[in-house]
Every structure is written in structure tokens, then in C-alpha cells.
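Chain by chain, the residues run as shown.
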Amino acid sequence: MAQVILKDVVKTYGGFYAVNHVSLKVADGEFVALVGPSGCGKTTTLNLVAGLIPISGGDIYIGDRLVNDLDPKDRDIAMVFQNYALYPNKSVYKNLAFPLQMRKLPKTEIDSKVMAAAKVLDITHLLERRPRELSGGQQQRVALGRALVRDPRAFLMDEPLSNLDAKLRVQMRSELKRFHQDLGATIIYVTHDQLEAVTMADKMAVMNGGYLQQYDSPANVFANPVNMFVASFIGSPAMSLIPMIAVTRGTDVVLTSAEGWELPLSAENGRKALKAKSDKVVLGARHSTVKLHKSQVPGSVPSKVYTVEPTGDITFVQTFLSGALVNISLDPTSRVEPDENVFVEFDQKRMHLFDGETEMALTAA
Amino acid sequence: MTVMTDSAADRRLRHKPIDGWRWAGRIFLVLMLIYTIVPMAWMLITSLKTGFAAMMYPPQWLPAEPTLDNYTRLLDPKDTIGQDFLRYFWNSLWVSTATTILAVLVAVPAAYAFSRFRFPGRNFLFFAVLLRNMFPAVIFLVPLFILMRWLGLVNTHGSLILTYLTFGLPLAIWLLKGFYDNIPIQLEQAARIDGATRFQAFILVVMPLSTPGIIATAIYSFIGAWNEFIYAATFLNKNDQMTLPVGIQRFFSENTTDWPGLMAASFMMSVPVVVLFLVLQKYFVRALTEGAVKH
Chain A
1 MAQVILKDVV KTYGGFYAVN HVSLKVADGE FVALVGPSGC GKTTTLNLVA
51 GLIPISGGDI YIGDRLVNDL DPKDRDIAMV FQNYALYPNK SVYKNLAFPL
101 QMRKLPKTEI DSKVMAAAKV LDITHLLERR PRELSGGQQQ RVALGRALVR
151 DPRAFLMDEP LSNLDAKLRV QMRSELKRFH QDLGATIIYV THDQLEAVTM
201 ADKMAVMNGG YLQQYDSPAN VFANPVNMFV ASFIGSPAMS LIPMIAVTRG
251 TDVVLTSAEG WELPLSAENG RKALKAKSDK VVLGARHSTV KLHKSQVPGS
301 VPSKVYTVEP TGDITFVQTF LSGALVNISL DPTSRVEPDE NVFVEFDQKR
351 MHLFDGETEM ALTAA
Chain B
1 MTVMTDSAAD RRLRHKPIDG WRWAGRIFLV LMLIYTIVPM AWMLITSLKT
51 GFAAMMYPPQ WLPAEPTLDN YTRLLDPKDT IGQDFLRYFW NSLWVSTATT
101 ILAVLVAVPA AYAFSRFRFP GRNFLFFAVL LRNMFPAVIF LVPLFILMRW
151 LGLVNTHGSL ILTYLTFGLP LAIWLLKGFY DNIPIQLEQA ARIDGATRFQ
201 AFILVVMPLS TPGIIATAIY SFIGAWNEFI YAATFLNKND QMTLPVGIQR
251 FFSENTTDWP GLMAASFMMS VPVVVLFLVL QKYFVRALTE GAVKH
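Residue numbers (the working numbering), protein chains in the order written: chain A, 1 to 365; chain B, 1 to 295.
If we strip away everything but chain B, and leave its shape as in the complex, we get (with noise of 0.2 Å):
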């Protein structure tokens, strides 16, 4: 009897109050769903319109006679905004690519040092790593233009991957010390008690342990650099080498706006990170909810 009581005083505990919020909870998330897919959904409609559909007013919700040409033009090498399209796509990827490769290679010893050895100003550096993040990214626009010009590096990519892990790493480092700081250090000892140089037990026992964590911080890395403009707008200003968040404006001129064009290209330009983070998804949550590796 007097579990069938209890359970029925703990249905009411859980029903009453708590059902309140969990409802305010689901309409406060269809909201912010609404919020982030509806001008994902304009984007994907409008790239498949005419140009002469996209203006008429008022809209059409959906396309009369949806077109996939904004597509096709803008993948054709041998079509003039193909052709920019491609290089535009080609230079983000590898500024991206590159910014995200270095940022690793230095964050992951980095971290790894931060995290186990102490020596002196150990914490002074640390915070002088995460005080370039505490300002905005426009105060050091000038200093690093003037910086970049004195290395002559102005209108190439060396300026922008520089520039873009002036910014990635100190987030990569805090972010792969918190996982290293997470990974007993008996872990080690036993891998060198067994056998292992400090430097195998390193490459054998924690990097595996850490790799979530060096997926997750080359996600970052990689985003923030792929959408970057202010830099990229002013480092660069030939047609050859800019990036795609510059690119596309492109399609903006004067008079007129070709809006499919600017949507299409848009919509490709969020492919790779959409990708990114499907392929990644489950190292990418398990970074930023467990952080760790349970033992």
C-alpha cells in the first residue's frame, strides 16, 4: 500500500508543476526553430527562382517554376561568375583549411603544456592567450593592416590565415586544455611505467583520448575562418583571391541585385559547414557536454 502511495504523491510531483515548464520550454524552441529555418528556408526558395519571380510582390511562397540555373551558373567554369564563383570557393577552402591545420598543430602542444607542466608565467601567458578574444576583432583591424603591409603580405592569404589564427587559437587552446585538464595524469604515468616515452604516451594514450576535442576545436577554427568578411574585405582586393564572404557581394552592383544569384551562392556557401557538422555532429556535442572522458 504504501508504494502505490508514494508513487502516486511522486506522479503528482512530477505532473503539476514542472509540465508548465517543460510546455514553455517546447514553444520558447518552436520559436527559436522559426527563427534560425525561416530565412534559412527564403534563402533555399529564393535560389531557386527567376530573377523576374524574386521581385514580384507580392511573393511567392513557394516557386511557380522552380529553376535550378542559379546552380548550374554559378558551378560552370566556363560561365564569367562561375568562373569567380569557383576561385571564390577554392580560396576559402583553403585559407579555411590551412588557418585550421596550423591552428591545431600549435593548440594541441600548446594545450597540452598549459594543461601539465608548470613553469613560470604560466598563468600570465594563459591569460595573455585568451585577452586577444577579449576585444572586438575591428580594434585590431588597423595595427594588423599596418602589421600585414610592413611584411608585405597585403593582397595574399598569408594575411588573412595569420590573421584568422590570431583569432582561432587562443579559443583552440582554452578549449583543448579544459580536455587535457579532464584526462588523468595516471594515464600517462602508466603508459611511461609501461614502457612509453612522455612523448608516446602522449601520441599513443592521450591524443586518442583527446580526439573530440581536436575535432571540436577544428570546427571552430574552420568556421570562423570560412566566415570571416571584415578582413578578408580589407586585406584583399583583387578579384582573384577573395574569399566567398567578400566574393558574393558580387552580385550586388549598382542598379540591380540579382537575388537567386545571391541566394544560390549563399546557400553553397553553408554547404561545407553544414557537412562539417553532420559528419561530426556526435564529437562535436560530446566535446562541448562531457569535455572529458569519464573513467
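Here chain A stands alone, though its shape is the one from the complex (with noise of 0.2 Å):
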């Protein structure tokens, strides 16, 4: 296994900017995943580290290789394919046996080698089939075991779990977790689902419009997303975003809304919102640190009540603010009906503030 790193990598079609001046390092055994809508460059990123497609520009390190200008088969990585691409006129023991042939090992070695592969993923009784003999799952296996049958010094996965149905997704989602930590394999692995990202990788690159917008651990891109995009791409249900204008009143910073209420913020909210360019800042706030009220209390603010989800355990209320909805996670014995006018209180330790003209978060420091 060996680090890999992305030193200012660039991919353009044309005029278009694919991946847009991409840097990370991810580190030998390290589970990175690349996270993002489709067609934000993830995909492209991973087929750069592959060889797939030639780099525009910047460097691509594996090891301690510049990989630039090196064939696929020479970078010594393996992939997995979102199709699989599991050779369909070949048997699964040849589909494994590939690779090893292809780096003209011994006939003795390529078959211990194997077995071996398919015993970890349980597949020896496959291994006279075709692919197209086998389910979702088993050909999912099999595409695993591809790779991992020749111990390469990365593994690429480009959205191997999302042709599984959800049960079983869910089921490979920790085999391939508990895979990563019994191997010590260096994994990139791209995906649009954010909770495959937050589940099981160590860090994650959430990228958008061909630019890396954040790479960090997942608790941390969670806890303190870098702008809006972030924000309201990570977390299930998304972060509430609303927009409102700060006033300063005296000492205090005020946030105003549009329908007239108030929200004063406590002092080092207030230090944040005035770090904005203009008085647009935006409100971001994730459900489970929003409470709501029947009544008014002091610091709430007031707001009718839209849809709610129930469950089982929790319960999710949108409630519309200042042409926003707001995320509410409510205990599932609360009683609470659409159009129901309520109050909301946010809490000032747990809130996050955001550029309302660049939609880059507002720190204090």
C-alpha cells in the first residue's frame, strides 16, 4: 500500500475546467472518499489517478512515483467499476486470474492466489460461473476480488455499491469498511451518496463544479462546513439555510428577517455576522439543534409549520421561515399539525453563519 497525492491537478475538456486545480494527500491505509453531485468532477478526478484519461495539468503522485505519464497498468492500482466490468465470456476464476496473468506470475501462484481472494470473499463455489450467472451482489464480490486478488498499492472504487439494492448496499457498505481496516488499504473511492462518504471513510473531499471545496474528516466537515455548498450537501436531512440581514444595534448584532421578527445573536454570533461582506448573512442550522415551541419563549421566533415526517424514531417537521424551511427533529410523541403556527428556537452554540454573497462561512477568528 503507498500514499497517494494530487498536487494541483487540473483536467479540462476545451474551455471547460473538469477538475479545477485539485490538491490532497491521502495517506498510506487511508479510507478518502470523494464525495459530490454528479458531474462534479469526482469521477474524472478518480480516472486521473487511474490513467484513464490524461492530466491537463498539476502532478499525480502514488508512492513515490510520478504517475503523470504512466500507462494504468503500470501505476499499479486496482478499480472497482460501478458496472463492475467483470470480463462477461470469462469465468470468475479467470476474471480473478486476470491480473495475475497479465503480470505473467507462475500458473502455481496465480492459482493459490485465487483461492485465496475468493475465500475472503467467500466466492470458491462461483468461481465456474460467468458473470452473468450471478446476482448484483455475488458480481460485486467478484469485482472486489479482482482487485484486491494482486495487493496493489491503491484501490480506486468508483461507486461500487450503487447498483445493489438498498438492504444489500447497506450490508456491503460495512464489508468493505471492515475490509479496509483488516487490509490497511489505501482506498479512494467516489460516490454521490454522502452517507456512504460519512459512514466509512476516514476523510473526505466533498468537491462541486470541478473545484475541491472541502477534505477533511467527516465529523469535522460535518461540525464546520467551509460554505453553503458543504453545509447543505453533507447531512441528512440537509442543514437549513436562512437568509437574513444583520443589523447592529448599539453593541448587539440583530438578525432581521424579511417577515419582520427579530433574532439577536449572542456576542460571538455577532462578531462572525459582521465579518460578512454586505448585511446578507445566512442562517444555517441542522434539525437536530433547532427546537420548537407551541408557545413563544424568549430567543424564539415565529414560524408555521409545513410538513411532517414521522419516522418511527424521530419525527421531521419543515417549518417555513423568511421563505426558508427549517429542518426540525422532534421526539416521534410529540403532537404537531401541519399549518400549526409554532415558534422555533435555534441554538446560538450550535448555529452556523454564512456569507450571504460569497456563501463562505463566517468564523470569529
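Honestly, I wouldn't trust all of these hints.
[To be verified] Partner residues are not named here, just some residues of chain A that face chain B (Cβ under 8 Å, in silico):
1. L52
2. P54
3. R65
4. D71
5. F81
6. A85
7. Y87
8. N89
9. F98
10. P99
11. M102
12. L105
13. S135
14. G136
15. L330
16. P332
[Claimed, not checked] Okay, the calculated beta carbon distance ranges per label pair:
17. L278/B x K94/A: 28 to 34 Å
18. S112/A x T156/B: 40 to 46 Å
19. F16/A x L278/B: 48 to 54 Å
[Unchecked claim] If you want a taste of the chain B side facing chain A, the calculated C-beta under 10 Å gives, among others:
20. I193
21. I215
22. P245
Hints listed in this document are in silico derivations from the structure and should not be mistaken for laboratory results.
Computed from a prediction, not measured in an experiment: that's the story for all the values here.
Where is the CB? At the ideal position from N, CA and C, for every residue including glycine.
Quick one: dock chain against chain with the hints and give me the complex.
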């Protein structure tokens, strides 16, 4: 296993930047998720690391080697594709043996390695079958087997779970995580599903529009999103974002709403709000940090219930506030009706403030 | 109870309107079969008759004294007719096979390039390739003849092979491109990551998957060349060079026509095509219906 380093990597198609000056370091044995909406450049980035498409600028290192101009076969990596890309005319055994045959290993060694990989993945009984005779989950295992049969420097995975049904996906998710822990493998994992990224990865790289938005541990990305895109992309339901106007009242800073209500900010939040380029400030709050009251309490603001979604453990309520929808999680025993007039209270310590112009997070420092 | 009513409704739906169409379809198929089989059958029947029996009126539907004389004569290298027939057969086989091999050799890489690579002028070139097949063959007869004379190829099989390629190649490239388009590019990418060069990925992974397409393409090219008449009649005028479609005309002469001999020769001519089809039909059908490897 080895580290993977991207330095200022660029991929352009004509004048279009598919990957725009992305730099990140994947340490040896680290599981990094590239996450973002479709078209954000995450798969392109992965293909650049694999060498399947030529790089337009910047450098990629695998281990200590600069691999910019190396063929995929010389980069010593393994890849798992979204559609598995199993060789349809070869048996499972031959699919697993192919990477070893291409490296001209002796037959006995190939056989022992294939059998070992098959045993780990519990597909020994499928070795004589063709890929089309396998279920989706079994194909997935074979694809994984073909990747791990040859002990590569890094594993690249392109949405490997997205073709599985929901139940199998959750099961394979924990198996992949276990696999990473047992092997200490360096893994770069592309997904559009932020939940997969959060649950499996040591670090996540959130991408949008070809840019790397934030690269940090899932906990840090969740707690301190750097901008409104990351804030709304990570977490389910998404962080509520409410556009406000910041006004100074003596020593206090107050957020005012177009609806007429006001929200006084704590001293620290006030300092943050004043860092904004203009008076436009966006208030961000995760569902678990917002409280809902039937009658007004100090610091709460009036709102109207839009939907009530009981999920069993938690009941999610959406309310209208200043033209935006606010997600609130409640105890399932709470009785709230749609169109009911309620009061919403934000937690000053756990709220986020963003610059309404630049969409960047506002910090006190 | 609901299950029963449902299935009853299903049955009614399935039966009433569709049956009428199904029968119409069957009748149509039978008519088409008669239309295609009767001439073939008549050819075979006539080829088994003597020259006298073939001319009888009313015609004998089945030969009273079937004979294989016409066939033994054609296949006898000592007989003058047999000598000619075997030479025509050999010429046809050589020209068609050479055309087929060259067409596949050129079409495979060309179709792959059209399918996988983005290069300037790609769409124009692909259109240009097809353009050739948008005009009737006769239009090119005179220009190609002039070209062949200029190249010194008149009265050689090379002129026919080159000409047949101009028809066969565009179709072959077009057919094969469809095939390659349907092979997921991830298969090649996987092979390249697994340690194959681009060329190895093509040979080891893509080629085996496109075998049905290559076979279908080869059959098309072969049949096109095997049956071609106008160019062969124009470019060749030496007896020992003629191909079968031109050569069997020798059974017509000014005053008489050897119908049984002509029919026997025609039947023999259709044998290679039928054999090709029977042996390779599973690939051929797969190529035309599936057109791809389902993944």
C-alpha cells in the first residue's frame, strides 16, 4: 500500500474545467471518499489517478513515483467499477486470474492467490460460473476480488455500491469498511451518496463544479462546513439555510427577517456576522439543534408548520421561516399539525453563519 | 376469487384481438415462404431432369426419371463444361474470400477507432464512409472501370476485390461500430488497470466479445462478393478468370439453353452460402438482434 498525492491537478475539456486545481493527500492506508453531486468532477479525478484519461495539468504521485505519464497498467493500482466491468466471456476464476496472468505470474502462484481471494470473499463456490449467472451482490464481490487478488498500491472505487439494492448496499458498506480495516488498504472511493462517505471514510473530499470544496474528516466536515454548498450537501435531512439581514443595535448584532421578526445574536455570533462582505447573512442550522415551541419563549421566532414526517424513531417537521424551509427533528410523541403556528428556537452555540455574498462560512477568528 | 377473475380477464384480453393478428401473421409468413421456396424447389427439380424432360409441356412437377448427370458433368474435371464450372467456382471462392478477409482486417480497427476515439473530422469521415452506399452500384461502373484500366487491373481478380471492398467495407465498418459502441468501455479500462496495454485490452477483451459481429460482417461481405454480377461482367472478359455469376451464363447459347445444366450450376452456387449460414447462423442472428453483449 502507498500514499497518493494530487498536486494542483487540472483536467480540461476544451475551455471547460472538469477538475479545477485539486490538491489532496491520501495517506498510506487511508480511506478517502470523493463525494459530490453528479458532474462535480469526482469520477474524472479518479480516472486521472487511474491514468485512464490524460492529465491537463498538475502532478499525481502514487507512493513516491510521479505517475503523470504512466499507463494504467504501470501504476500498480486496482479499480472497482460502478457496473463491475467483469469480463463477460470469462469464468469467475479467469476474471480473478486475469490481473495475475497479465503480470506473468507462475500458474501455481496464480492459483493460490485466486483461491485465497475467493475464500476471503466467500465466492469459492462460484469460480466456474460466468458473470451473467451471478446476482448483483455476487458480481460485486467478484469485482472486489479481482481488485484485491494482486495486492496493489491503492484501490480506486467508482460508486461500487450504487447498483445494489438498498439492503445489500448497507451490508456491503459494512463489509467494505471491515475489508479496509483488515487490509489497511489505501482506498479512494467515489460516491454521490454522502451517507456512504460519512459512514466509511477516514476523510472526505467534497467536490462541486470541479473544485475541491473541503477535505477533512467526516466529523469535521459535518461540524464545520466551509461554505453553504458543503453545509447543504452533507447531512440528511440537509442543514436549513435561512437568508437574513444583519443589523447593529448599539453593541448587539441582530438578524432581521423580511417577515418582520428579529433574532438577537450572541456576542460571538455577532462578531462572525459582522465579518460578512455585506449585511446579507445566511443562518444555518441542523435539524437536531433547532427546538420547536407551541408558545413564544425568549429567543424564539414565529413560524408555520409545512409538513410532518414521522419515521418511527424521529419525527421530522418542516416549517416555513423567512421564505426558507427549516428542518426540525422531534420526539415521535410530539403532536404537531401541518399549518399550525409554532415558535422556533435556534441554539446560538451550534448555529452556522454564512456570508450571503460569498456563501463562505463566517468564523470568529 | 379476485385472482380467478383477474386471470379470466387476462385470458380474454390475450385471446380476442391478438389471435386475429397472429393468424394474419402466420398466413403472411406462409405466403412469404412459398414465394421464396418455390423458385428454389423448381431449380432443384429442374436440375434433376434430363434436357428433354425439362422442356416438356405440361411440365413434370416431379421428374419421372431423376438423374444426377447434370451434377456429375459439372464436377467432372475432364469434361469441358466441368472444367469451366470448377474454374469459375474456384475464382468466385478466391475473390469472395480475399474480399472478406481484407474487409474484416480493415473494418475491425476502423470501426473500433470510430467507436472509441474522438478525433477531428470523425463525424464527417463516418458519413463519408456511408456515402458510398447511398448510390446505386451502376453509377460507379464507368468511373471504376476507367480507374481499373489506369491501374492496369482490368481482367484481373484484383479489380473485383478492390471494387467489392468499396461496397463491403462501409457496411462492415458501420455494422461493427454498432457492436463496439455496445461493449462497455469500462471493460477495456478494467483490463488496462489489470495490466494490459491498450492493444492487449482490445485483443484479449474486446475482440472475443465482438466475434458475433465480426462473423456477421464476414458473411455479409462474402455473400455480397459471391453474388455480384455487373462488375464481374464488365471488368473480366477472359473465360479462365470469370466468376460464377458471369460464368454460368455460358449455359445460354444463341439457339438453345441447357436448363437442367444451368439449374444444377445455380444450385451448386448457392451451396457455399447456405453452408455458411447454417454453420454460423447462431452468431448471425445474435449479431442482428442483440447487437451487443448484455452486461
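Status of the G136/A interface restraint (C-beta, 8 Å, chain B): violated (12 Å)
Restraint check, 8 Å cut-off on beta carbons, for F81/A near chain B: Given a least distance of 5 Å, the restraint on F81/A holds.
Chain A contact restraint on P245/B - CB to CB distance below 10 Å: Because about 39 Å separates P245/B from the closest Cβ in chain A, which is outside the 10 Å limit, the hint is violated.
Restraint check, 8 Å cut-off on beta carbons, for S135/A near chain B: Constraint on S135/A not satisfied, violated at 14 Å.
Minimum beta-carbon distance criterion (10 Å), I215/B to chain A: violated (15 Å)
Interface hint outcome for L330/A [beta carbon to chain B under 8 Å]: violated (41 Å)
Closest C-beta approach of P332/A to chain B relative to 8 Å, hint status: Check failed: Cβ of P332/A comes no nearer than 36 Å to chain B, outside 8 Å.
Restraint satisfaction for D71/A [CB to CB of chain B, less than 8 Å]: holds (7 Å)
Satisfaction of the P54/A interface hint, Cβ to chain B closer than 8 Å: At 12 Å from the nearest chain B Cβ, P54/A fails the 8 Å test, so the hint is violated.
Outcome of range test on Cβ distance (L278/B, K94/A; 28 to 34 Å): At 31 Å between Cβs, range holds.
Given hint A85/A near chain B, where the shortest CB pair must fall under 8 Å: holds (4 Å)
F98/A as an interface hint toward chain B, with CB separation required under 8 Å: The hint holds - F98/A has a Cβ within 8 Å of chain B, the shortest such distance being about 5 Å.
Violated hints for the displayed structure, listed by number in ascending order: 2, 3, 12, 13, 14, 15, 16, 18, 21, 22.
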